[in-house]
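Trainee: Single-letter residue listing:
2 protein chains.
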Amino acid sequence: VEAPRRGDLPPEELRALARELADWISDYLERVGTLPVSARVSPGDVRAALPATPPEEGESMQDVLADFRTLVMPGITHWNHPAFFGYFANTGSGPGILAEMLTAALNANAMVWRSSPAATELEEVATDWLRALLGLPPGFEGVINDTASSSTLYALAAARRLAYPEVARRGLFAEPPGSVYASEHAHMSVERAVVALGLGREGYRTVAAGEDLGMSARALSAALAQDVAAGVRPVAIVATLGTTSSAAVDPVRRIAELAREHGVWLHVDAAYAGSAAIVPELRGPMAGWELADSIVVNPHKWLFTPLDCSVLFCSRPEDLASTFRLTPEYLRAPSGGDARDLMDYGLALGRRFRALKLWFVLRYFGREGLIERLRLHVRMAQELAGWIREEEGWELAAPQRFSLVAFRYAPAGASPSEVDALNLEILERVNASGEAFLTHTTLGGRVAIRVAIGNVRTTRDHVARTWALLTGAAAASTRSAEDD
Amino acid sequence: VEAPRRGDLPPEELRALARELADWISDYLERVGTLPVSARVSPGDVRAALPATPPEEGESMQDVLADFRTLVMPGITHWNHPAFFGYFANTGSGPGILAEMLTAALNANAMVWRSSPAATELEEVATDWLRALLGLPPGFEGVINDTASSSTLYALAAARRLAYPEVARRGLFAEPPGSVYASEHAHMSVERAVVALGLGREGYRTVAAGEDLGMSARALSAALAQDVAAGVRPVAIVATLGTTSSAAVDPVRRIAELAREHGVWLHVDAAYAGSAAIVPELRGPMAGWELADSIVVNPHKWLFTPLDCSVLFCSRPEDLASTFRLTPEYLRAPSGGDARDLMDYGLALGRRFRALKLWFVLRYFGREGLIERLRLHVRMAQELAGWIREEEGWELAAPQRFSLVAFRYAPAGASPSEVDALNLEILERVNASGEAFLTHTTLGGRVAIRVAIGNVRTTRDHVARTWALLTGAAAASTRSAEDD
Numbered sequence: 079v080e081a082p083r084r085g086d087l088p089p090e091e092l093r094a095l096a097r098e099l100a101d102w103i104s105d106y107l108e109r110v111g112t113l114p115v116s117a118r119v120s121p122g123d124v125r126a127a128l129p130a131t132p133p134e135e136g137e138s139m140q141d142v143l144a145d146f147r148t149l150v151m152p153g154i155t156h157w158n159h160p161a162f163f164g165y166f167a168n169t170g171s172g173p174g175i176l177a178e179m180l181t182a183a184l185n186a187n188a189m190v191w192r193s194s195p196a197a198t199e200l201e202e203v204a205t206d207w208l209r210a211l212l213g214l215p216p217g218f219e220g221v222i223n224d225t226a227s228s229s230t231l232y233a234l235a236a237a238r239r240l241a242y243p244e245v246a247r248r249g250l251f252a253e254p255p256g257s258v259y260a261s262e263h264a265h266m267s268v269e270r271a272v273v274a275l276g277l278g279r280e281g282y283r284t285v286a287a288g289e290d291l292g293m294s295a296r297a298l299s300a301a302l303a304q305d306v307a308a309g310v311r312p313v314a315i316v317a318t319l320g321t322t323s324s325a326a327v328d329p330v331r332r333i334a335e336l337a338r339e340h341g342v343w344l345h346v347d348a349a350y351a352g353s354a355a356i357v358p359e360l361r362g363p364m365a366g367w368e369l370a371d372s373i374v375v376n377p378h379k380w381l382f383t384p385l386d387c388s389v390l391f392c393s394r395p396e397d398l399a400s401t402f403r404l405t406p407e408y409l410r411a412p413s414g415g416d417a418r419d420l421m422d423y424g425l426a427l428g429r430r431f432r433a434l435k436l437w438f439v440l441r442y443f444g445r446e447g448l449i450e451r452l453r454l455h456v457r458m459a460q461e462l463a464g465w466i467r468e469e470e471g472w473e474l475a476a477p478q479r480f481s482l483v484a485f486r487y488a489p490a491g492a493s494p495s496e497v498d499a500l501n502l503e504i505l506e507r508v509n510a511s512g513e514a515f516l517t518h519t520t521l522g523g524r525v526a527i528r529v530a531i532g533n534v535r536t537t538r539d540h541v542a543r544t545w546a547l548l549t550g551a552a553a554a555s556t557r558s559a560e561d562d
Numbered sequence: 079v080e081a082p083r084r085g086d087l088p089p090e091e092l093r094a095l096a097r098e099l100a101d102w103i104s105d106y107l108e109r110v111g112t113l114p115v116s117a118r119v120s121p122g123d124v125r126a127a128l129p130a131t132p133p134e135e136g137e138s139m140q141d142v143l144a145d146f147r148t149l150v151m152p153g154i155t156h157w158n159h160p161a162f163f164g165y166f167a168n169t170g171s172g173p174g175i176l177a178e179m180l181t182a183a184l185n186a187n188a189m190v191w192r193s194s195p196a197a198t199e200l201e202e203v204a205t206d207w208l209r210a211l212l213g214l215p216p217g218f219e220g221v222i223n224d225t226a227s228s229s230t231l232y233a234l235a236a237a238r239r240l241a242y243p244e245v246a247r248r249g250l251f252a253e254p255p256g257s258v259y260a261s262e263h264a265h266m267s268v269e270r271a272v273v274a275l276g277l278g279r280e281g282y283r284t285v286a287a288g289e290d291l292g293m294s295a296r297a298l299s300a301a302l303a304q305d306v307a308a309g310v311r312p313v314a315i316v317a318t319l320g321t322t323s324s325a326a327v328d329p330v331r332r333i334a335e336l337a338r339e340h341g342v343w344l345h346v347d348a349a350y351a352g353s354a355a356i357v358p359e360l361r362g363p364m365a366g367w368e369l370a371d372s373i374v375v376n377p378h379k380w381l382f383t384p385l386d387c388s389v390l391f392c393s394r395p396e397d398l399a400s401t402f403r404l405t406p407e408y409l410r411a412p413s414g415g416d417a418r419d420l421m422d423y424g425l426a427l428g429r430r431f432r433a434l435k436l437w438f439v440l441r442y443f444g445r446e447g448l449i450e451r452l453r454l455h456v457r458m459a460q461e462l463a464g465w466i467r468e469e470e471g472w473e474l475a476a477p478q479r480f481s482l483v484a485f486r487y488a489p490a491g492a493s494p495s496e497v498d499a500l501n502l503e504i505l506e507r508v509n510a511s512g513e514a515f516l517t518h519t520t521l522g523g524r525v526a527i528r529v530a531i532g533n534v535r536t537t538r539d540h541v542a543r544t545w546a547l548l549t550g551a552a553a554a555s556t557r558s559a560e561d562d
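Same order as they appear, the protein sequences are chains A and B. Numbering-wise, the first sequence is residues 79 to 562 according to the numbering used here. Numbering-wise, the second sequence is residues 79 to 562 according to the numbering used here.
None of these hints come from the bench; they were simulated from the model. None of the values given here were measured: they were computed from a predicted structure. No false leads were mixed into what you were given.
Partial selection, computed: residues in chain B whose CB lies under 8 Å from chain A:
{"#": "1", "residue": "Val273"}
{"#": "2", "residue": "Leu277"}
{"#": "3", "residue": "Leu427"}
No residue lacks a Cβ here, since even glycine has one placed at the ideal position from N, Cα and C.
Next comes chain A alone, as it looks inside the complex (with noise of 0.2 Å):
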């Protein structure tokens, strides 16, 4: 066997390189508000510009760059402009970004505390620092997941086995139907855990919510009963702080209440809006998260953290561990140890170096400069819902929550489905402008624009430059179906 021809990356290629990327990311961060948002690519565009085979003989990363700037750039949708308000905006901050470099140069897995000590001892600082900063109390521990779908799963999954007590050993087959109880707000993942879990849809049980568009917990706890006298057992409750449509809360230590009254679970899925507890003025709706079992929070939502970062809360950590605890031999550390393993507390083995990330964002911007930050996202949102409250023809969608604000635009005299059609329409030229993006939902059966804010760099401006952009498409939709 002859020697490769093609080693790593030489040093001092690598330094260059590096070093020219250093340039364009913050060349690219000072100019991406100048960026269309959005991509202007159609299905297919980006794939067409690429080979449909993969080089026989290496290339050089001076081409690779050239293309990734000339080809993959085009179909870039910013996340980091600080205009990007669609589905939960959020921060590919800087302090982020460097820890990103060095997670990637480390290379560590922290699967076990063995294959790399700090990568988990981190893990543990840089979660109870945020534990302490959204002022949950210190039995709460926390590990990092890749996603908030991913950490509801393994909440969900030990819920499962305190319900089923022998469910790992003999699966549901034998069992009686159990139900996951949810806010019909309640995030798309709950549902998609408990499918599963094996749980079936029929135990998804969703429950209606009151005006504030927060779960009944009057109607949860009838569920509650109906489920238990008709012999379904009650496996899970998930509240939601900060629903995905419109940020709504549901009443948490009502629920909580009714949780520990039939010895439920209760999961809190706080992954956008938990941040906020950060603030003390904006604390209050998580009054009684406390009483969970386990809180989603994702840094990688709301606190410019890059994805991907989603803290998982347990208070009661070895439940969750024993649920998914399997130490192979090839695993095992010869002298045993009392180190804790974090890939006992989910599903995912592999484990990148995330801490390092929430470890350099949680210092760079210290608990004032968070604070402070996600003050004025709200305080920007509550000032475009005054906007839109007075502006003629436009109305809140829901009552404005944290920094999100859904509404829409209906004339008066247009039906319900015309103003649909109408939102629809004027979302597309809002984003068809390229200057902001946002995405859409729907509250009782009609459409809602919805502006979230969460990137770092977003101003008073932004903000204000959408709103000209949103009635500015208004007049024009009104205006083109006059003339059809």
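We have chain A; now place chain B onto it with these hints.
Mentor: Showing chain B alone in chain A's frame:
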């Protein structure tokens, strides 16, 4: 609300820091081979060195980076060290590191096509390139997950849905029990997935392996027949190409025939060894895998791509997507469109732009570069196996396969339990040297030391030095036993 004093890192500061890290990373990769491979810390050391509470005010990134160097680095086990031979060795290569810088800066989420078209389409392109390199037919479509544990979970969830067509609706409660079949040497992630899916460990059939440690097709056939006769429903068969303990290979063609006969989903776990199929003369053991329904190959293991990057290939992608598809309004594109939304192919909703690093790696190395490197790794493992065979008292614990060698020191006259203790002692001595890092397993209930080669910087000298350390440790351990 006053303007926050703390914004993101100003562009010029980010530029300077990213350049500093560009230097640090290239220096690190140049000297990583001179560092002790595994961290010299005890449980709690790193945690104790860090403040128990987060900072009130934001800190300078220079301070944060200084702490990273002095407090975190000593606790890092260096997976990028060329003499890291534990678990499955891997590489955070230069092209992969550069890609991760860009991924963090763009912070795009490839959950739906529209949320970042290029991230979705590059994932299609890069996984299709990998498919072609592996010699799999075009019917296989790839998606990138975080880990093989997730990929296997998703594949088995699709299998479960075909075995129980009503599972998504009514769960497993009213169903006859079902089974998943895998070799006694299969990875723990299969069992964890079976438990997560609600099938229970009683539904996990470990099939005996033959002398070559590959699954016995006869035993599998018998287990299937027995279950069918008993009314147990076969759900899936998992064939492993390259087990974790010894890189053993299940007879996949014969298993595929049995899967077809019983109408059962065949999932192939080639997370580690699948990459070998890029090398023509190493493809033999994979013959028949093209008959599988799903195959997992992890470029973050033996394909020079930083954590995390696990590719799940599926020859019936619509069955995979139908298992998970659930598109709430807030993720729907207003204009519909026929683009693929990759969130449909698994449970994680947030999806990092992982395709970029795979694309960079495949382009930088090219088919030839990959072949030469993989070939060298296998050649070094074969050479080490030769030294072991020839050395008095040493033995291979399993047939040598791919780039993995499993072996033990078993001097004449020592009892099996003495041999076990001796090998764990040898392992500890070698790891304590700091010059190499190895892990162990058990095969046939007896301890075996593993040397897993997979880093792009590993040379014959690293392997030879490790062998010298092993024989030296064996001599020292024998002497110390005689002194007792």
